[in-house]
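J.: Letter by letter, the chains look like this.
There are 2 protein chains.
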Amino acid sequence: MVEVKASIDGVKGFQVAGVHAGLKKDDALDFAIIRSSRPCVTAGVFTTNTVKAAPVLYNMERLRTNPSQIRAVAINTVSANACTGQQGMDNSRQMASLTATQLECETHEVLVMSTGVIGMQLPMDKIASGTAIAARLMADDWEATADAIRTTDTRPKMAQVTLLSPHGQYTIAGISKGSGMIAPNMATTLGVIVTDAKLTLEQANQTLKSAMDASFNKIVVDGDTSTNDMVVLMANGFSGVTLDASFDVAQFQEALTAVAIKLAQDVVRDGEGVTKFITLHITGAANDEIADKIAHTIASSPLVKTAFFGKDANWGRMVAAAGRSGVPFDPDKAQLWMSSGEELFEGDKGLLLFANGTYADYPESAAAEIMEEDSIYISLDCGDGEGESVVWTCDLSHDYVSINGDYRT
Amino acid sequence: MVEVKASIDGVKGFQVAGVHAGLKKDDALDFAIIRSSRPCVTAGVFTTNTVKAAPVLYNMERLRTNPSQIRAVAINTVSANACTGQQGMDNSRQMASLTATQLECETHEVLVMSTGVIGMQLPMDKIASGTAIAARLMADDWEATADAIRTTDTRPKMAQVTLLSPHGQYTIAGISKGSGMIAPNMATTLGVIVTDAKLTLEQANQTLKSAMDASFNKIVVDGDTSTNDMVVLMANGFSGVTLDASFDVAQFQEALTAVAIKLAQDVVRDGEGVTKFITLHITGAANDEIADKIAHTIASSPLVKTAFFGKDANWGRMVAAAGRSGVPFDPDKAQLWMSSGEELFEGDKGLLLFANGTYADYPESAAAEIMEEDSIYISLDCGDGEGESVVWTCDLSHDYVSINGDYRT
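If you read the protein sequences in the order shown, they are chains A and B.
Residues in the first sequence are numbered consecutively from -18, following our numbering.
Residues in the second sequence are numbered consecutively from -18, following our numbering.
Pulled out of the complex, with its shape left as it was, chain A reads as follows (with noise of 0.2 Å):
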């Protein structure tokens, strides 16, 4: 088992600063940057939405082209740099290119991403301001630039594990913003991973998206997909520790896995308006994609969420949206639990809610007990084969609403 702490004392070769560029009002932090002694082996993930947010554009042909030989990335806030045209992609590379002339290094050795209201075109004289505050700055506060990355999420979120391997000590570490897959108004859903291990190009990429299947894919708020979704993994390889061996790399997934746990976790836990954290564990479908499908139709079901907010052990809706999530489910096969807390203590499922096709039969006050708690567990077995899913979501409240309902001001 992986520790993973949440906070980042530091990792060798990379420097990092979250400063005040002036987007915000008043002095909260609203950019950063990440850099990194060497050039790093750089891997990246970005959404699947058509609509693609001019820095996530600019990224992909970066890492495209130039996956080796990243230095740097840096984040504004505020502004998300989405649906801005030509214009939005000559910001993103003047954005790229201010912080190449700030950190002494080439344009294309620098990545770019921006988060906050779409439609809106970057300040280029604030970006600018940004740039030259950070790079005077760099140093280990990750705190700070964890904070520089927030939108309307209430607090920063960080992750670090250090390994031992047989060639010695290196150190994973992340950050991560969002509050809701989309946030108000906002796009959204960003993450930097650094590692000062030596990775090749493959190991990078192969690495980084399964750790991407088994945490940022495995999250729900509100169902939405973000114009603006990536996440980067950059390794250095300043500790000297290579992946030669299977096992080494198995041992790298393994907390890199964790770390983008963590991350993915926090955003859910710090989601717009969340006051419960839920697990749906689908167990017994055909496959593992149909368990996924399921788990994600439930934890997009807007009445299951307002069910959970309303503290009612509602089997019901998660059985009909499991049913209308457009793969096979046969409801006289599949058993449901719930149990409280974010994992079962000793495998025990909890009190079991529906079986046999109706439900069991269960004493409300055990059920309405399990509610009352801000952690619950959802067993759903489909009975139907081995696939399996594990999705974190979260319930949709009145704050959700207000949230995103206000103007944009």
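There may be inaccurate statements among the hints.
Same chains, same label: a pair holds when it works inside one copy or across any pair of copies.
Stated by the list, open to error - Derived DSS-like pairs: lysine-lysine, alpha-carbon spacing no greater than 30 Å straight-line: (1) Lys274 - Lys190; (2) Lys292 - Lys257; (3) Lys292 - Lys5; (4) Lys274 - Lys330.
By construction, these hints were calculated from the structure, which means they are not laboratory data.
Add chain B to chain A, keeping to what the hints say.
T.: Below, chain B alone, put in the same frame as chain A:
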């Protein structure tokens, strides 16, 4: 243009009743019967949810074996008779049998519908009482009948069209219920449409399917699909009017579709917590299916819906939803307009919000003015072909959360 009345005078050969059978508290109407003096050619459309309520399964079997001999449909509220196992199936059959006994017809001539809480068995003593009371009151009180099938609906939903064909005059009338695609713990949209025209079974099936594709399949309240959705069309031929020519069928189809659209739109207008009625008109997609997918994705987006509740002309969220709909959509070719009302006035699409991949530099005051209206018309031209779809939807408000977050009591 077909004129649709929002009340029902009566349809030849049909008698109805809506009564209090003791299912709801106080004296609220909760049980209805619609009967025809003659056997009806009957078509039905049923939920695509794989979790189908007992009355859905029961009626599917009746219409498979006996579609030209249906004489009545009995409808109860409070219990949806969904996820109720073998006892639920037995109870649906028993409900048909009790109704047949009271109406002095055969059990296989009776359809049954249920709407209400999932997982609760039908209280058969009250169902028996309802059939006895209703059978004594059979007349033409369609308003009481429409009233008696409500759950969280705030008002009864009725529509009627009377047509003069070359063969004589005939009437199409219908009632529906539903206040969410799923109402709170409830299951959900029901519709009964009757006509005294004389239809062949093929005419009934084809015209009903076509009407549903343009009405009930084009509404979204919350994106959840119920376990109990069904609509039936009963034709008793009492007017003596047959549909011999393709002209007759086209005329009937137009009127039937108009009735179905009225009933479906009423479900959205009376949706849970709804403050705005929104028409989404997608044009210029590669084909109609793609247009429809884009329309349904926008209509189901919690972020789009909360923005409408907040009177925020948030085109960014609509474009982002189109982009994640899983079908081809190129924001650089698309244009998005907004207007007030439920139809375009002389084809004027109103205020252009989005074009050339970015915002269209419109006056915010003009957008704010439209956003004050109760009905809003969104036109999205994808610039990609001739595909088109219209979907009717609503906002997502605090009241939706309150209604659906309440305990089952």
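J.: It remains to establish, for every hint, whether it holds in the given structure.
T.: Hint check results:
In the homo-oligomer, the alpha carbons of Lys274 and Lys190 lie at most 30 Å apart both inside one protomer (19 Å) and across protomers (28 Å), since each shortest distance falls under that limit. Taking CA atoms no more than 30 Å apart as the test, Lys292 paired with Lys257 passes in both settings, with 9 Å inside one copy and 28 Å between copies. When the C-alpha separation of Lys292 and Lys5 is checked against a cutoff of 30 Å, the pair qualifies only between copies, where the shortest distance is 24 Å, while the shortest distance within a copy is 37 Å. For a Cα distance limit of 30 Å, the shortest separation of Lys274 from Lys330 inside one copy, 21 Å, qualifies, whereas the shortest one across copies, 38 Å, does not.
This entry satisfies every hint, going by the numbered hints stated previously.
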